[in-house]
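Asker: This is what each chain is made of:
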Amino acid sequence: TQLLEQSPQFLSIQEGENLTVYCNSSSVFSSLQWYRQEPGEGPVLLVTVVTGGEVKKLKRLTFQFGDARKDSSLHITAAQPGDTGLYLCAGEGLQGAQKLVFGQGTRLTINP
Amino acid sequence: NAGVTQTPKFQVLKTGQSMTLQCAQDMNHEYMSWYRQDPGMGLRLIHYSVGAGITDQGEVPNGYNVSRSTTEDFPLRLLSAAPSQTSVYFCASSTGGTGGYNEQFFGPGTRLTVL
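First to last, the sequence lines map onto chains A and B. Here the first sequence is numbered in our numbering, starting from -8 and rising by one per residue. Here the second sequence is numbered in our numbering, starting from 595 and rising by one per residue.
Treat the hints with care, as some may be off.
Unchecked claim - List of simulated lysine to aspartate or glutamate pairs, EDC-like, C-alpha gap at most 20 Å: (1) A/K90 with B/E653; (2) B/K603 with A/E29; (3) A/K90 with B/D650; (4) B/K603 with A/E32; (5) A/K48 with A/D62; (6) A/K47 with A/D74.
It should be emphasised that the hints constitute simulated quantities derived from the structure, not laboratory data.
Start from the sequences and build out the full structure, keeping to the hints where you can.
Answerer: Below, the structure is given as structure tokens:
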């Protein structure tokens, strides 16, 4: 069974600070997705990384896929209150697209 | 386009009752899935479908049934509700591509409480 461990599970920081969220596994994934979820809503895709070592940027958010495709990180620069939410990583297993494995999530709070 | 819609938004059941959670999508996606979300456990796959007439089990299928008679609809049935099924349920659809081309489009969720 493939597992994805996200850390930290909770993070509360001040506006303007930087932060990194980690998503780790002992399994190899063919791709890894990052979602953001607002209260009372379903998750929304932020980015997908596919190639080992790949780095993608979305404004102040930087996503990286590990060289071995077993881990990923999300780095936020100069966090803003609008970044508050639940961040989920999801791995696409080698066995097929519909077997997405989700991490436990990181609940991020940015205080003004 | 409405995307993925789910009804009801909230539901309270008594132990042993049955109910159906409705899910519909208007994006002509072949792939649809049901997940449950519990605190500290992320999203866990219950059942999924790769097209009309084809369904398969996910990670936590016990206590749930599904069917897919049309591309648009993918209902989830609880045959005899148990308190352990108290959760938030999300339906999702995707094009089903591999290699990173399988963005999941989620509905707004159904919050279910079983007493």
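Asker: Check each numbered hint from earlier against the structure, then list the numbers of those it violates in ascending order.
Answerer: Violated: none.
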